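Take 238 as the starting number for the sequence shown in the working numbering and just add one per residue.
Fair warning: there could be bad hints in the mix.
Stated by the list, open to error - Computed Cβ-Cβ distance ranges for the label pairs, DEER-style:
no., residue 1, residue 2, range
1, I347, R442, 51 to 57 Å
2, R296, R442, 46 to 52 Å
3, E450, L294, 31 to 37 Å
4, P508, R243, 34 to 40 Å
5, P449, I522, 16 to 22 Å
Hints were generated in silico from the structure; no laboratory data involved. Predicted model only: the values in this text are computed from it and were never measured. Ideal Cβ positions, reconstructed from N, Cα and C, are used throughout, including at glycine.
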Amino acid sequence: MDSPLRGRTSGYLAIVVAAILFGAWPSAADFVLDDVHPITLTILIQGIPGLLMVPWLRRFRVSRRDAVLLLGTAVAGGALAPASYFFGLERTTPANAVLLSNTEAFFTMIFAFVLLKERMNPRGYPAFGGIAAGAFVVTTDLRLGDVSFLPHLVGNLLLVVSAVFWALNNVGSTVLLRRLRILPLLSLQFLLGSGLLVPFALAARGPFAVGPEDAPFLLLLAVGGIGVFAVLFFHAFRTIGAMRSGAVLSTSALWGVLLAYFLFPGETLSPTQLAGGAVMLGSLIALYFLGERGAPKSAPVETLKAAPSDGPRPP
């Protein structure tokens with residue numbers, strides 16, 4: 238298998254695994270929010286992976302131009318987006334949260350198309366539509382009466398706002414990844430974002446202590462839902478681009494429903510949801526084979542590091 242094809246395949250595998258982790262995110266976060274303040278939770282689940290990645294900051298250098306963009310992504314994706322998300326999650330229903338979480342994928346695709354000028358083979362665009370339609374069916378089961386928006390308007394708006402900020406972070410990070418390595422970039426984004434929120438947490442007098450019953454879920458969110466997810470997500474940005482990554486991320490609705498089905502035996506999958514899942518998987522396969530034009534060229538080296546010609550020398 239030649240290097241570009243190998244890189245593209247690894248990018249699709251990475252974003253599929255990331256979508257699975259993203260699908261499990263709302264349930265674990267909703268459980269922890271019963272006992273932990275939203276800002277405190279944001280600081281902890283980003284601070285932990287940020288500190289774990291600190292060793293990769295050794296000899297890491299950022300130009301002044303990239304430093305401005307990095308700070309912008311840290312503010313948008315490391316502070317404003319997660320804080321808005323957790324405050325919104327407190328003020329809406331699980332059904333609304335799952336549906337609106339997919340808007341990040343939508344905004345990422347739109348911003349990648351408009352701001353990054355990403356394009357693909359015209360035959361790949363119907364696959365986009367299939368993934369979006371399947372995600373809608375899996376999420377709602379076409380029982381739109383269960384998705385009550387007006388009584389939870391504030392929470393729903395906060396979730397949409399968080400999706401916009403995360404999508405802006407995604408396209409900004411895609412630009413940075415052309416020159417910077419993944420792990421040090423993530424470490425700085427996580428630590429800067431968490432640091433910006435510390436004064437607000439102190440002002441809100443939210444306790445930083447976490448009970449033993451919440452610790453496993455918090456670690457799961459920090460390491461798997463944030464750390465591993467972000468590394469895989471950024472690897473996909475570098476190899477297949479933000480537009481394709483956003484499209485595949487929307488399959489998180491399917492993985493979230495399947496995980497709930499296997500973890501909670503009382504949950505059931507309707508024939509409608511199974512049909513929507515089949516449409517999503519078929520569209521995902523079609524996207525892989527038909528949406529090639531416009532994908533970024535994969536570097537011939539290991540993709541946690543930028544190519545030697547366009548970034549700081551790796552340690």
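Which earlier hints turn out false for this structure, listed by number in ascending order? 1, 2, 5
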